[in-house]
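S.K.: Given next are the chains, with one letter for each unit.
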Amino acid sequence: MGIEDLAESLGQNVLTTTLGKVIGWGRGNSVWPAQFGLACCAIEMIATATAGVDIARFGSEAMRASPRQADLMIVSGRVSQKMAPILRTVYDQMPEPKWVISMGACASTGGVFNNYALLQGVDKIVPVDVYIPGCPPRPEDLLNALMILQERIKAQGILPRQ
Amino acid sequence: MSSTESMAGTEGVTISRTGQQGAFGGELLTVNFGPHHPSTHGVLRLIVDLDGEQIKRLKPVIGYLHTGIEKQMEALRWQQGVVVTDRHDYLSPPINNLAYALAVERLMGVEAPPRAQALRVIMSELTRLSSHLVWLGTSGLELGAMSMLMYCFRERETILDMNEEISGFRMHTSYIRPGGVMADATPRFLDMLASFVKEMPGHVDEYEDLLTMNPIWRARTIGIGRLSPEDAKVLGASGPMIRGSGIAWDLRKTMPYSGYESYDFEVATSDACDCYGRYLVRIKEMREAVKILDQALQRLPDGPVNVDDRKMLPPPREELETSMEAVIHHFKLFTEGYSVPAGDVYVAVESGRGENGCYIVSDGTHKPRRVKFRSASFVNLQALERMALNHMIADMIAIIGTADTVLGDVDR
Chain A
-18 MGIEDLAESL
-8 GQNVLTTTLG
2 KVIGWGRGNS
12 VWPAQFGLAC
22 CAIEMIATAT
32 AGVDIARFGS
42 EAMRASPRQA
52 DLMIVSGRVS
62 QKMAPILRTV
72 YDQMPEPKWV
82 ISMGACASTG
92 GVFNNYALLQ
102 GVDKIVPVDV
112 YIPGCPPRPE
122 DLLNALMILQ
132 ERIKAQGILP
142 RQ
Chain B
-9 MSSTESMAGT
1 EGVTISRTGQ
11 QGAFGGELLT
21 VNFGPHHPST
31 HGVLRLIVDL
41 DGEQIKRLKP
51 VIGYLHTGIE
61 KQMEALRWQQ
71 GVVVTDRHDY
81 LSPPINNLAY
91 ALAVERLMGV
101 EAPPRAQALR
111 VIMSELTRLS
121 SHLVWLGTSG
131 LELGAMSMLM
141 YCFRERETIL
151 DMNEEISGFR
161 MHTSYIRPGG
171 VMADATPRFL
181 DMLASFVKEM
191 PGHVDEYEDL
201 LTMNPIWRAR
211 TIGIGRLSPE
221 DAKVLGASGP
231 MIRGSGIAWD
241 LRKTMPYSGY
251 ESYDFEVATS
261 DACDCYGRYL
271 VRIKEMREAV
281 KILDQALQRL
291 PDGPVNVDDR
301 KMLPPPREEL
311 ETSMEAVIHH
321 FKLFTEGYSV
331 PAGDVYVAVE
341 SGRGENGCYI
351 VSDGTHKPRR
361 VKFRSASFVN
371 LQALERMALN
381 HMIADMIAII
391 GTADTVLGDV
401 DR
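Protein sequences appear in the order of chains A and B.
The numbering used here numbers the first residue of the first sequence as -18 and each following residue consecutively.
The numbering used here numbers the first residue of the second sequence as -9 and each following residue consecutively.
What the hints contain is simulated information worked out from the structure, not anything from laboratory work.
None of the values given here were measured: they were computed from a predicted structure.
Using N, Cα and C, we set each Cβ at its ideal position, and we do this for glycine too.
Just so you have them, the derived chain A footprint on chain B, three or more residues with Cβ under 8 Å: (1) 73 to 87; (2) 143 to 149; (3) 159 to 173.
Whole structure, please, built from the sequences with the hints as guidance.
M.R.: So this is what it looks like as structure tokens:
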């Protein structure tokens, strides 16, 4: 095959892109959440994984029991003072790059429980990427948050996190 | 214990050595389960002493979801407290509402009108169904029957749609309130309920087809987690835990409330005393719940859904435009609330998990002095060690599953 022929046939079969876009595309479409159920929101998180809503359409159905296999922590529910260090341990055990969705009013701000027992917002101990309002949010809200996160991951590429 | 505690990590499964000799010549190992573990139904932590794979001691550690709900209620007015009751046993919010509402009503000496009582029964039974569906789905998933989760959550969505239709909210409805219910049932809700009552028995058949004679399910549950009737009584178990041990104790029959005495239903029991028996009890309860729903729908009485007391519930919107008194009542209710006569009262209702009691102390002001919940999960959790002793560690998953503890209910 002559070089001109090669160039002609490659021209029809090769996509050119940047490394950042490919990695962003791959990461964004396979965000594996850690299975970290806390309270009421965890039930809606399970509902998001079932047939009716089907988070698998967005590549995130693989809920990992081990934080070491997970990219995303969905803090689904209220975080008590006793649970806070454990949550941080689990977060620390997740490999980079990692993201956090704070699901529901309790995880985001303490919700209706402004008292001694609850952490008033999980962003006091871990950095949060997307907050979801609601008590508990609908499964569709979780999907929406995931899609927002996917957009960000895709835009991020291979650059280290700001 | 001190060496165990210090070595037990805070996440997943951690193993530490006890130095004690086991029956098989090996050393007893202390294994820490949770609080972040996929099979403990939330944030339950268990410290287990193992001889080989046999459980020799089991100690639940709770409090990882302590929310301070009881203390929080002391800071809320009587009608605001309902919102918080939704969130302790988050799989059966309307039943929690009902326990609280009945307690407040008993102190105030009022009784909800008949239509409200029937709607309360409807919501309670729908909740019992959705709670059992979550239990069946997650327990099935843990023992390897993953399709159960998909089927059960399909029907649960139908129930949540009904919740949304009647109250505007999927899970935490705050629908049952002192004095009655939040709003009357819409015609669409009654249509949805009618078709649900027609379809649900077929779905329960589907679940039974998948599990009841399934050899894997039977091998994992029959003879596992035995709880004798005597132990069940001594440990204060209630709900499907005690009925699975052959004792027909159901508050809807033994201490009826909200007109349950007028419904025709059977108390599901099983003499198997094991995980399989508790499974059968819950399946039967789902069928009975559909029966109750059908009866409630057939003879739903007409009339108001709230007590006619302007000191307790806000006046209708129309009245506000014509009556000065109504405006005053409205203003008073939403600025200071109503007060409840001094005294204390305990009311218990049957939730999906057992006796869900509410103890209230009032000092005659517009906020409770003390609210205490007797939660079924907390008491049922005591029986865990008795059930798990001398079983394999893998069977513990089946046992925790059929105990059906909700950690929000345990820790409150």
